[in-house]
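So the sequence lines, in the order shown, correspond to chains A and B.
Residues 1 to 373 (our numbering) make up the first sequence, in order.
Residues 1 to 313 (our numbering) make up the second sequence, in order.
Everything labelled a hint here was simulated from the structure, so no lab data went into it.
Owing to the predicted nature of the structure, the values given are computational and were not obtained by experimental measurement.
Don't take every hint at face value.
Under the rule of at most 25 Å between Cα atoms (straight-line distance), these lysine-lysine pairs were calculated in the DSS-like manner [stated by the list, open to error]:
| no. | chain 1 | residue 1 | chain 2 | residue 2 |
| --- | --- | --- | --- | --- |
| 1 | B | 171 | A | 13 |
| 2 | A | 286 | B | 135 |
| 3 | B | 130 | B | 65 |
| 4 | B | 171 | B | 153 |
Partner residues are not named here, just some residues of chain A that face chain B (Cβ under 7 Å, in silico) [unchecked claim]:
| no. | residue |
| --- | --- |
| 5 | 17 |
| 6 | 209 |
| 7 | 214 |
| 8 | 219 |
C-beta: ideal position from N, C-alpha, C; glycine also.
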Amino acid sequence: MKKIWHIGFLDLKLTVKDKAFFFWMLAFPLIFILIFGNLFRGSKTDTKASLTVLNQDQGKWGAYFIDKLKSPGIELTVEATEPKEYFRMLLIPADFSAKIEKRAAQTLELKKDSDANLQAGAVAETKIAQAMVKLIAELVLYGNRDMGAFFDSRSPYRDLVLVRTRLPEGTITKVPSGFDHVIPGILVQFVMMMVLIYGGISVMEDRKRRVLARILYSSASFAELFAGKFLGRVLMGLLQSAILIVAGLLFFRLNLGNLWLTGLNILVFTLAMACLSIFVGSVLKKEELIVGVSVLTANMFAALGGCWWPIEIVPPAFRALGMISPAYWAMDVFHQVIFFGKGLETVWPNLLVLLAFTAVFMALALRFFKINE
Amino acid sequence: MQQKILEIKNLSKNYGETVALANFSLDLEKGEVLGLLGPNGAGKTTLISILSGTLRGFTGSVMFKGQDLFADRNLRNLIGIVPQEMAFYEDLNALENLMFWGGLYAIPEKELKKRARELLVVVELSSRAKEPIKKFSGGMKRRLNIAIGLIHKPELLLLDEPTVGIDVQAKVSILDIIHGLGQQGTSVVFTTHQLAEVEQSCSRIAIMDKGTILAQGTLAELIRIVGEKEIVEVSGEFSADAFSAIIRRSDGNGMEILSVADHRAHLAFADSERIPAMMQHLFKHHLPIADLKIKSPNLEAVFLKMTGRSLRD
Numbered sequence: 001m002k003k004i005w006h007i008g009f010l011d012l013k014l015t016v017k018d019k020a021f022f023f024w025m026l027a028f029p030l031i032f033i034l035i036f037g038n039l040f041r042g043s044k045t046d047t048k049a050s051l052t053v054l055n056q057d058q059g060k061w062g063a064y065f066i067d068k069l070k071s072p073g074i075e076l077t078v079e080a081t082e083p084k085e086y087f088r089m090l091l092i093p094a095d096f097s098a099k100i101e102k103r104a105a106q107t108l109e110l111k112k113d114s115d116a117n118l119q120a121g122a123v124a125e126t127k128i129a130q131a132m133v134k135l136i137a138e139l140v141l142y143g144n145r146d147m148g149a150f151f152d153s154r155s156p157y158r159d160l161v162l163v164r165t166r167l168p169e170g171t172i173t174k175v176p177s178g179f180d181h182v183i184p185g186i187l188v189q190f191v192m193m194m195v196l197i198y199g200g201i202s203v204m205e206d207r208k209r210r211v212l213a214r215i216l217y218s219s220a221s222f223a224e225l226f227a228g229k230f231l232g233r234v235l236m237g238l239l240q241s242a243i244l245i246v247a248g249l250l251f252f253r254l255n256l257g258n259l260w261l262t263g264l265n266i267l268v269f270t271l272a273m274a275c276l277s278i279f280v281g282s283v284l285k286k287e288e289l290i291v292g293v294s295v296l297t298a299n300m301f302a303a304l305g306g307c308w309w310p311i312e313i314v315p316p317a318f319r320a321l322g323m324i325s326p327a328y329w330a331m332d333v334f335h336q337v338i339f340f341g342k343g344l345e346t347v348w349p350n351l352l353v354l355l356a357f358t359a360v361f362m363a364l365a366l367r368f369f370k371i372n373e
Numbered sequence: 001m002q003q004k005i006l007e008i009k010n011l012s013k014n015y016g017e018t019v020a021l022a023n024f025s026l027d028l029e030k031g032e033v034l035g036l037l038g039p040n041g042a043g044k045t046t047l048i049s050i051l052s053g054t055l056r057g058f059t060g061s062v063m064f065k066g067q068d069l070f071a072d073r074n075l076r077n078l079i080g081i082v083p084q085e086m087a088f089y090e091d092l093n094a095l096e097n098l099m100f101w102g103g104l105y106a107i108p109e110k111e112l113k114k115r116a117r118e119l120l121v122v123v124e125l126s127s128r129a130k131e132p133i134k135k136f137s138g139g140m141k142r143r144l145n146i147a148i149g150l151i152h153k154p155e156l157l158l159l160d161e162p163t164v165g166i167d168v169q170a171k172v173s174i175l176d177i178i179h180g181l182g183q184q185g186t187s188v189v190f191t192t193h194q195l196a197e198v199e200q201s202c203s204r205i206a207i208m209d210k211g212t213i214l215a216q217g218t219l220a221e222l223i224r225i226v227g228e229k230e231i232v233e234v235s236g237e238f239s240a241d242a243f244s245a246i247i248r249r250s251d252g253n254g255m256e257i258l259s260v261a262d263h264r265a266h267l268a269f270a271d272s273e274r275i276p277a278m279m280q281h282l283f284k285h286h287l288p289i290a291d292l293k294i295k296s297p298n299l300e301a302v303f304l305k306m307t308g309r310s311l312r313d
């Protein structure tokens with residue numbers, strides 16, 4: 001075990017010694033995080049359907065209507081004067097009650113901010129529609145009687161109507177977004193890219209310079225050599241993850257949900273990438289080829305796997321195609337844990353799929369890992 | 001009687017149709033420095049690869065200190081290998097390299113550090129211990145390559161062409177290190193195709209070609225194979241066939257053909273007085289001779305006699 005650690009730790013040390021290390025592992029991914037994070041910026045504080053109501057009504061019906069809007073899924077704020085900032089605001093006019101009592105038609109105005117999250121907006125609008133249906137139904141039932149008696153708490157017509165909205169099976173009601181989506185996405189992409197590039201090149205160079213053979217000349221066995229190289233790449237992946245997580249916590253208030261589960265997800269994903277990097281370094285003989293193949297593979301997997309944009313917003317066929325990418329399964333675990341608060345009972349199949357990827361890549365790496373050119 | 005540290009018996013290895021080693025046998029005693037001399041393709045690197053445990057699929061036996069070398073992995077801890085390539089990490093400095101390679105053996109860190117510093121003195125790199133290896137000259141890299149092979153104090157050191165691609169000064173330095181190792185009791189086998197190197201630093205020389213040992217012994221013993229003959233090297237714009245045809249027309253008494261190749265031939269004369277007559281014969285037949293050298297019996301002559309070709313061919 002000591003020899004495995006000795007071999008693996010050296011690979012990590014050589015990676016850190018590289019002059020471009022901090023650019024590739026910190027600066028470059030941070031640029032990606034800033035770009036993609038800002039693309040989804042509006043969603044950071046608007047993932048819960050917020051609704052501001054400007055109530056200017058002079059009578060009782062405005063407050064009654066607002067009462068109908070209240071719901072656990074809605075973050076409701078009632079204002080008497082128009083606030084400077086809001087995502088969406090419903091305006092109840094001063095003659096709202098007067099028009100109801102005169103049985104006159106009226107129009108309510110809903111103002112929206114251009115950055116507002118569309119999904120959250122849809123939830124708020126559904127709630128407004130439900131409240132209107134309830135109110136109208138009660139007015140239909142009570143419309144011919146004494147309007148003043150309506151607010152008597154014993155009135156048999158109050159809260160008589162219940163409106164339920166049912167969405168089709170499989171409808172996505174919430175889309176992971178903001179830095180909490182972007183940072184795990186860029187983490188997955190850069191673990192792929194950095195482990196494949198650094199890990200692949202060092203396997204190729206060690207073979208060319210006969211360093212692998214020389215390690216075998218010593219008392220290290222083939223199994224210890226392979227395990228050491230595998231461990232080195234796992235350590236590279238974990239270091240890349242740690243750098244981005246720390247940066248995310250410090251600069252972007254990253255929420256990781258269940259830390260143990262997200263940590264386990266990162267570890268299992270890194271195992272797969274460590275094996276793939278040994279395979280890449282074993283079959284390719286030139287540095288530029290390894291860089292090209294690694295960048296292409298990592299970016300393709302990242303795009304298919306939903307690292308750049310939430311996989312939930314792409315067409316179902318594209319989502320199905322994404323399943324060929326290990327990134328898809330890792331990103332799904334992040335989304336389930338961070339955004340939906342799910343536990344191991346939900347994400348274990350994803351972790352098993354990632355372990356299956358590890359097994360396949362490990363078999364390829366063992367089959368093609370060569371000591372000599 | 002000296003203790004035998006290495007006994008190789010009937011070692012054979014083929015690469016498809018190509019014979020790399022053919023019933024190769026060799027013994028080595030403790031503290032002995034053996035130079036394994038042979039042209040490219042003689043099987044030297046194959047032998048080192050087998051002894052280092054990285055090449056399989058051979059027949060024969062290798063005993064190290066009386067035990068089967070391949071039966072016990074721990075025996076490998078007693079052998080140091082210096083490959084032909086600069087097989088180390090150029091992104092580490094010399095001290096870091098020695099610490100890494102030494103760390104693969106169960107040497108306590110404190111002892112390892114001490115050993116690494118001692119070795120850096122031996123290979124004259126102590127003042128450059130923490131400099132990037134990328135700045136090292138070829139000779140310095142070669143010396144570090146040897147130091148890595150010695151980090152775990154091996155009883156047997158195998159060096160594969162340790163002086164390839166370096167200047168004369170660096171070569172002398174490396175040969176001194178090798179010679180010194182033998183004097184300290186470390187057994188050394190080093191392969192080379194440089195005659196001067198084995199003459200200078202080996203207690204015993206083995207000449208190998210086509211995967212087998214052709215002759216072995218001390219320098220004096222090997223030279224006796226040729227005898228007290230004068231060696232004449234003839235070079236010029238002639239073909240091997242043309243040279244051989246002209247030689248066949250001479251009486252040839254007291255003369256031995258050591259080697260004939262295009263542009264170069266070697267002849268051995270028991271009586272040096274016969275040399276002018278032979279030269280006259282060659283000129284008479286208009287052989288385009290550009291140069292002619294008369295040499296005393298040496299290792300090159302032995303090599304020519306044993307292999308029928310020059311190391312440069």
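**Prompt:** If you check each hint against the structure, which ones fail?
**Reply:** As far as the earlier hints go, 1 and 3 are violated by this structure, in ascending order.
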